[in-house]
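Enquirer: Sequence:
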Amino acid sequence: MKEYSQETIQLLAELFKILGDPTRLRIVRLLLDHESSVNAIAEDMGMGQSAISHQLRVLRQARLVSFRKEGKTVFYSLNDDHVEMLLRQGLDHVSHQ
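All residue numbers for the sequence shown refer to the numbering used here, where the first residue is 60 and numbers rise by one.
Keep in mind that the hints were calculated from the coordinates and are not lab data. All residues carry an ideal CB built from backbone N, CA and C; glycine is no exception.
Label pairs and their calculated CB-CB ranges: (1) 132 with 60: 42 to 50 Å; (2) 62 with 129: 39 to 47 Å; (3) 66 with 99: 31 to 39 Å; (4) 62 with 103: 41 to 49 Å; (5) 131 with 110: 15 to 23 Å; (6) 64 with 104: 31 to 39 Å; (7) 140 with 60: 19 to 27 Å; (8) 74 with 151: 15 to 23 Å.
Assemble the whole structure, with the sequences as input and the hints as a guide.
Expert: Written as structure tokens, this is what we have:
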């Protein structure tokens, strides 16, 4: 198996820490199917817009989500296929009997 530097291991640990938050996981799960606005995510999750915006900022800083603006509305989506693969593999793992 390939050896990884301490820095790489630390970055991976930080990624899993970010994904270890249930609210952030729910947001990523919502974004699996399609992009969504902050307001729509907040409504779907029954949470306030500021709380969702905070979690999206954490996900954006970790490069897990990206965004685009359309007028005053900000739409978020998963940053790339790796994020989707991580979530789907994790869901498969915990669902496996």
